[in-house]
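J.: Chains as they are written, first to last, in our numbering: chain A, 1 to 305; chain B, 1 to 305.
Misleading hints may appear alongside valid ones.
Same chains, same names: a pair is fine if it fits in one copy or spans any two.
[What the hints assert, rightly or not] In silico SDA-like cross-links for lysine to any residue, where the CA-CA straight-line distance does not exceed 20 Å:
id: 1; residue 1: Lys-303; residue 2: Gln-76
id: 2; residue 1: Lys-110; residue 2: Pro-301
id: 3; residue 1: Lys-44; residue 2: Ala-266
id: 4; residue 1: Lys-246; residue 2: Ser-17
id: 5; residue 1: Lys-110; residue 2: Tyr-210
id: 6; residue 1: Lys-303; residue 2: Asn-39
id: 7; residue 1: Lys-256; residue 2: Ile-298
id: 8; residue 1: Lys-131; residue 2: Val-245
id: 9; residue 1: Lys-304; residue 2: Leu-252
id: 10; residue 1: Lys-110; residue 2: Val-208
id: 11; residue 1: Lys-304; residue 2: Gly-233
id: 12; residue 1: Lys-131; residue 2: Asn-215
Since the hints were made in silico from the structure, they are not lab data.
These figures come from a predicted structure and were not determined experimentally.
There are 2 protein chains.
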Amino acid sequence: MNDAVNTRPIGVIGLGSMGGGMALSLLRAGLTVHGCDLNPDNLKAFTDAGGIAAASPAALAAACDVVFIVVVNAAQTEAVLFGESGAVETMTSDSVVVSCATLGAEFAEKLGARLAEHQVLMLDAPISGGKAKAHSGELTVMSSGPERAYEKAGAALDAISETVFRLGDRAGKGSAMKTVNQLLAGVHIAAAMEAMALGIKSGLDPEVVYEVVCNSAGRSWMFENRVPRVLSGDYTPTSMVNIFVKDLGIVLDAGKGLPMPLPVAAAAHQQFIAASGMGEGANDDSSVIKVYQATSGIDLPQKKD
Amino acid sequence: MNDAVNTRPIGVIGLGSMGGGMALSLLRAGLTVHGCDLNPDNLKAFTDAGGIAAASPAALAAACDVVFIVVVNAAQTEAVLFGESGAVETMTSDSVVVSCATLGAEFAEKLGARLAEHQVLMLDAPISGGKAKAHSGELTVMSSGPERAYEKAGAALDAISETVFRLGDRAGKGSAMKTVNQLLAGVHIAAAMEAMALGIKSGLDPEVVYEVVCNSAGRSWMFENRVPRVLSGDYTPTSMVNIFVKDLGIVLDAGKGLPMPLPVAAAAHQQFIAASGMGEGANDDSSVIKVYQATSGIDLPQKKD
Numbered sequence: 001m002n003d004a005v006n007t008r009p010i011g012v013i014g015l016g017s018m019g020g021g022m023a024l025s026l027l028r029a030g031l032t033v034h035g036c037d038l039n040p041d042n043l044k045a046f047t048d049a050g051g052i053a054a055a056s057p058a059a060l061a062a063a064c065d066v067v068f069i070v071v072v073n074a075a076q077t078e079a080v081l082f083g084e085s086g087a088v089e090t091m092t093s094d095s096v097v098v099s100c101a102t103l104g105a106e107f108a109e110k111l112g113a114r115l116a117e118h119q120v121l122m123l124d125a126p127i128s129g130g131k132a133k134a135h136s137g138e139l140t141v142m143s144s145g146p147e148r149a150y151e152k153a154g155a156a157l158d159a160i161s162e163t164v165f166r167l168g169d170r171a172g173k174g175s176a177m178k179t180v181n182q183l184l185a186g187v188h189i190a191a192a193m194e195a196m197a198l199g200i201k202s203g204l205d206p207e208v209v210y211e212v213v214c215n216s217a218g219r220s221w222m223f224e225n226r227v228p229r230v231l232s233g234d235y236t237p238t239s240m241v242n243i244f245v246k247d248l249g250i251v252l253d254a255g256k257g258l259p260m261p262l263p264v265a266a267a268a269h270q271q272f273i274a275a276s277g278m279g280e281g282a283n284d285d286s287s288v289i290k291v292y293q294a295t296s297g298i299d300l301p302q303k304k305d
Numbered sequence: 001m002n003d004a005v006n007t008r009p010i011g012v013i014g015l016g017s018m019g020g021g022m023a024l025s026l027l028r029a030g031l032t033v034h035g036c037d038l039n040p041d042n043l044k045a046f047t048d049a050g051g052i053a054a055a056s057p058a059a060l061a062a063a064c065d066v067v068f069i070v071v072v073n074a075a076q077t078e079a080v081l082f083g084e085s086g087a088v089e090t091m092t093s094d095s096v097v098v099s100c101a102t103l104g105a106e107f108a109e110k111l112g113a114r115l116a117e118h119q120v121l122m123l124d125a126p127i128s129g130g131k132a133k134a135h136s137g138e139l140t141v142m143s144s145g146p147e148r149a150y151e152k153a154g155a156a157l158d159a160i161s162e163t164v165f166r167l168g169d170r171a172g173k174g175s176a177m178k179t180v181n182q183l184l185a186g187v188h189i190a191a192a193m194e195a196m197a198l199g200i201k202s203g204l205d206p207e208v209v210y211e212v213v214c215n216s217a218g219r220s221w222m223f224e225n226r227v228p229r230v231l232s233g234d235y236t237p238t239s240m241v242n243i244f245v246k247d248l249g250i251v252l253d254a255g256k257g258l259p260m261p262l263p264v265a266a267a268a269h270q271q272f273i274a275a276s277g278m279g280e281g282a283n284d285d286s287s288v289i290k291v292y293q294a295t296s297g298i299d300l301p302q303k304k305d
């Protein structure tokens with residue numbers, strides 16, 4: 001029974017920096033993978049690697065009973081499932097949606113209930129680790145959903161992840177956990193840029209500041225990961241400023257709904273909004289340091305030729 | 001010459017959680033150590049371990065030509081050096097003050113100039129790593145000062161540290177670097193407590209939140225170090241709330257002086273001030289989570305008997 005389940009094709013809707021990498025990891029694991037994406041470049045990279053292109057979410061879902069949704073936000077998740085030629089049109093009873101976008105917990109919980117009306121199981125399964133770990137199949141998955149959904153999606157989850165945290169038996173807890181993680185991730189990026197700017201303004205060598213912090217109690221995963229982009233002067237987006245405008249927005253909406261104040265996250269959010277307001281929204285999120293450059297007059301490291 | 005230098009006794013003024021541990025590390029390295037502290041318990045622990053008690057900073061400095069100052073702040077540093085029976089009264093020409101308190105860079109630079117008027121060398125040498133690493137002799141030292149001071153203090157620095165970063169040839173840069181580190185450390189503690197409170201309010205198990213974050217992009221050294229105190233419900237101070245009321249104050253004063261805005265640090269500072277205002281100032285800095293408890297009504301883990 002499990003063998004039969006595992007040999008059915010896996011679908012991936014959204015083949016961007018995260019979904020594209022996850023699709024490659026699924027192919028590497030020997031699975032048959034159908035994918036769709038509005039961007040022809042993303043689709044070509046996927047088919048070049050052995051994936052099967054689908055014309056729409058509905059066409060994809062007709063061939064698969066485990067469908068990963070790796071789009072940017074709640075609106076896109078809604079559209080690819082319930083919009084025109086959406087996946088739900090063709091999904092069969094007992095098939096599984098693995099929802100990977102960062103969603104508010106309340107939205108995720110309602111989505112699980114809506115899919116259940118169509119006899120579709122939902123894994124609320126936001127991911128962490130960035131583009132590199134998506135490609136290497138070493139993501140962290142913060143998930144919740146029914147046991148049956150884990151059984152059906154098990155081989156695929158194994159292929160994309162290093163760790164799958166199971167946080168409950170229905171949608172909502174996975175997204176709540178991702179919200180907590182994004183609070184920290186967003187604050188740490190903003191703090192990293194604030195600290196680097198302070199160091200530069202104080203006359204310290206930015207390379208030395210990086211080295212010292214990485215060996216001190218001030219270090220964070222985000223500091224270690226993002227500051228090298230500032231040092232190289234290369235703001236080619238790996239993860240965009242606007243992602244954290246959105247994700248810290250989800251964090252603060254969660255706080256407002258519960259309700260509880262989240263003042264540190266709110267301060268960090270303003271810095272991402274400021275970067276977006278400066279025209280940096282589609283650049284790498286380390287571009288938040290340009291907000292500090294604008295308000296302190298520091299010189300930033302230049303890109304080497 | 002170096003042998004003669006290295007066999008002279010080392011002085012430690014301030015034998016609290018950091019200075020006491022550093023004195024033990026110096027003794028373990030086979031050095032003769034003189035210490036002084038206003039607290040008789042601290043002094044007894046030091047003499048029990050083989051240290052020699054001094055009645056005052058002046059009495060201590062008469063016997064040592066390398067003197068560590070491991071007090072809480074600028075006012076105490078000033079007092080033990082230049083106050084009544086201060087160390088400068090008896091320090092000989094070419095002896096070294098190793099200043100370890102977190103000081104503003106401007107204050108540290110002026111202190112170096114004042115000591116130079118007395119022919120005393122200064123190492124601006126704030127430390128990072130906490131009580132445990134002070135005791136194990138594995139601190140990170142962020143330092144600046146003249147070459148001659150490093151030569152004279154070398155054996156002692158080796159005994160207390162894993163890494164000594166040398167950031168310049170005069171006082172100021174060491175403290176500037178520590179200020180950058182404290183910005184990150186303070187923001188990360190406040191963010192850790194904000195995130196844990198959000199997780200608990202969202203209905204997640206705090207133990208699980210800790211485990212997931214420690215395996216995700218939201219992790220920081222402070223999150224990993226401080227959250228276990230919340231999980232155990234034990235707020236016995238390792239590092240007090242009021243230390244970060246002070247240190248983030250130094251960060252924000254630096255920003256005002258340069259000038260540059262530091263909005264994320266400012267938001268975090270308010271949370272430490274709020275904890276202090278709630279009567280938690282002398283408790284562990286993880287007590288910042290009680291500010292979030294007060295504003296969200298969450299239940300926190302209780303101390304096990």
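J.: How do Lys-110 and Tyr-210 come out at 20 Å by Cα distance, when the copy is not named: within, between, both, or neither?
T.: neither (43 Å within a copy, 26 Å between copies)
J.: Please sort Lys-304 with Leu-252 into within, between, both or neither, judging by C-alpha distance up to 20 Å.
T.: neither (38 Å within a copy, 33 Å between copies)
J.: Is the C-alpha distance from Lys-110 to Val-208 at most 20 Å within one copy, between copies, in both cases, or in neither?
T.: Classified as neither: same-chain Cα gap 48 Å, cross-chain 23 Å, threshold 20 Å.
J.: Within a copy, between copies, both or neither: which one fits Lys-246 and Ser-17 at a CA-CA cutoff of 20 Å?
T.: within (17 Å within a copy, 43 Å between copies)
J.: Since the copies are identical, ignore which copy is meant and state whether Lys-44 and Ala-266 lie within 20 Å (CA to CA) inside a copy, between copies, both or neither.
T.: neither (40 Å within a copy, 47 Å between copies)
J.: Between Lys-303 and Gln-76, at a C-alpha cutoff of 20 Å, which is it: within one copy, between copies, both, or neither?
T.: neither (35 Å within a copy, 45 Å between copies)
J.: If the cutoff is 20 Å on CA atoms, where do Lys-303 and Asn-39 land: within, between, both or neither? Let me know, please.
T.: neither (29 Å within a copy, 54 Å between copies)
J.: Could you place Lys-304 and Gly-233 in one of the four classes (within, between, both, neither) given a Cα distance threshold of 20 Å?
T.: Cα proximity of Lys-304 and Gly-233: one copy only (7 Å, versus 50 Å across).
J.: Since the copies are identical, ignore which copy is meant and state whether Lys-256 and Ile-298 lie within 20 Å (CA to CA) inside a copy, between copies, both or neither.
T.: between (36 Å within a copy, 15 Å between copies)
J.: Are the CA atoms of Lys-110 and Pro-301 at most 20 Å apart within a copy, between copies, both, or neither?
T.: Classified as neither: same-chain Cα gap 46 Å, cross-chain 30 Å, threshold 20 Å.
J.: State whether the alpha carbon distance between Lys-131 and Val-245 is at most 20 Å within one copy, between copies, both, or neither.
T.: within (19 Å within a copy, 38 Å between copies)
J.: State whether the alpha carbon distance between Lys-131 and Asn-215 is at most 20 Å within one copy, between copies, both, or neither.
T.: between (25 Å within a copy, 16 Å between copies)
Checked against the numbered hints given earlier, the structure breaks hints 1, 2, 3, 5, 6, 9, 10 and satisfies all the rest.
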